[in-house]
Amino acid sequence: MSAVVPLVRYRFGRFELQPDERRLLESGTLVHLRLHALDLLLAFVERAGQLVTKDELLKRVWRSVVVEENTLQAQISALRKVLGSEAIATVSGHGYRFTHGVIQIAAGASSSEPPKHNFPMLLRASSAAKRRSSSFRSISRLHGCSP
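Here numbering that gives the first Met the number 0 is used: the first residue of the sequence shown is 0, the next is one more, and so on.
Hint data in this document are derived by calculation from the structure and do not stem from the laboratory. Remember, predicted model here, so these are calculated numbers, not experimental data. Glycine included, every Cβ here is placed at the ideal spot set by N, Cα and C. The reader is advised that the hints may include incorrect statements.
[As the list claims (entries may be wrong)] With beta-carbon atoms standing in for the labels, derived distance ranges:
{"no.": "1", "residue 1": "V65", "residue 2": "R13", "range": "28 to 38 Å"}
{"no.": "2", "residue 1": "V64", "residue 2": "I104", "range": "24 to 34 Å"}
{"no.": "3", "residue 1": "G27", "residue 2": "H93", "range": "17 to 27 Å"}
{"no.": "4", "residue 1": "A105", "residue 2": "E68", "range": "15 to 25 Å"}
{"no.": "5", "residue 1": "L6", "residue 2": "N69", "range": "27 to 37 Å"}
{"no.": "6", "residue 1": "E67", "residue 2": "L6", "range": "26 to 36 Å"}
{"no.": "7", "residue 1": "W61", "residue 2": "H93", "range": "30 to 40 Å"}
{"no.": "8", "residue 1": "T98", "residue 2": "V7", "range": "12 to 22 Å"}
{"no.": "9", "residue 1": "Q103", "residue 2": "G27", "range": "11 to 21 Å"}
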């Protein structure tokens, strides 16, 4: 039997990383990241403020696939474009450090951005109710009943 892994999410600045959904949100809006960049980001936020060596990142993200260091650098560059250049500090000759403060939250907790409204659902429900009511009146008239 496999162990149950608690679902967590990570917040830093205006971002929320949802590993269970494999997505990153910025102020509630989905940010498109490549899979390896997302894996790198998860490695960074899990060890925020700590040095993560290049070898650790390569082993974690690419596992048994042999990749060159410039592949790692390209993915980190992509992350910096999204998060800001200050988010990932280079520790020369050693690795990288994620500099943002990270808050770990339970996956069931409310999202960082509350829903702006629920009007589309209300409008759809209202429209459907009107159509049903109109259909009921039409059928009632056909059968000589008053609604």
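Hints versus structure:
Taking 28 to 38 Å as the suggested C-beta distance range, the pair V65 and R13 conforms, at roughly 36 Å. The hinted window of 24 to 34 Å between V64 and I104 holds, with their beta carbons roughly 32 Å apart. Between G27 and H93 the beta carbon distance is about 35 Å. The supplied range of 17 to 27 Å is therefore violated. Take A105 and E68: their Cβ atoms lie about 36 Å apart, and the range 15 to 25 Å is violated.
Restraint check, L6 to N69: a C-beta distance of roughly 34 Å satisfies the suggested window 27 to 37 Å. Separation of E67 from L6 is about 34 Å and conforms to the stated range, judged on CB atoms against 26 to 36 Å. Under the hint 30 to 40 Å, the C-beta atoms of W61 and H93, about 19 Å apart, miss the expected range. The hinted range of 12 to 22 Å is satisfied by T98 and V7, whose Cβ atoms lie roughly 20 Å apart.
Separated by about 19 Å at the C-beta atoms, Q103 and G27 satisfy the suggested range of 11 to 21 Å.
Of the numbered hints stated above, those contradicted by the structure are hints 3, 4, 7, listed in ascending order.
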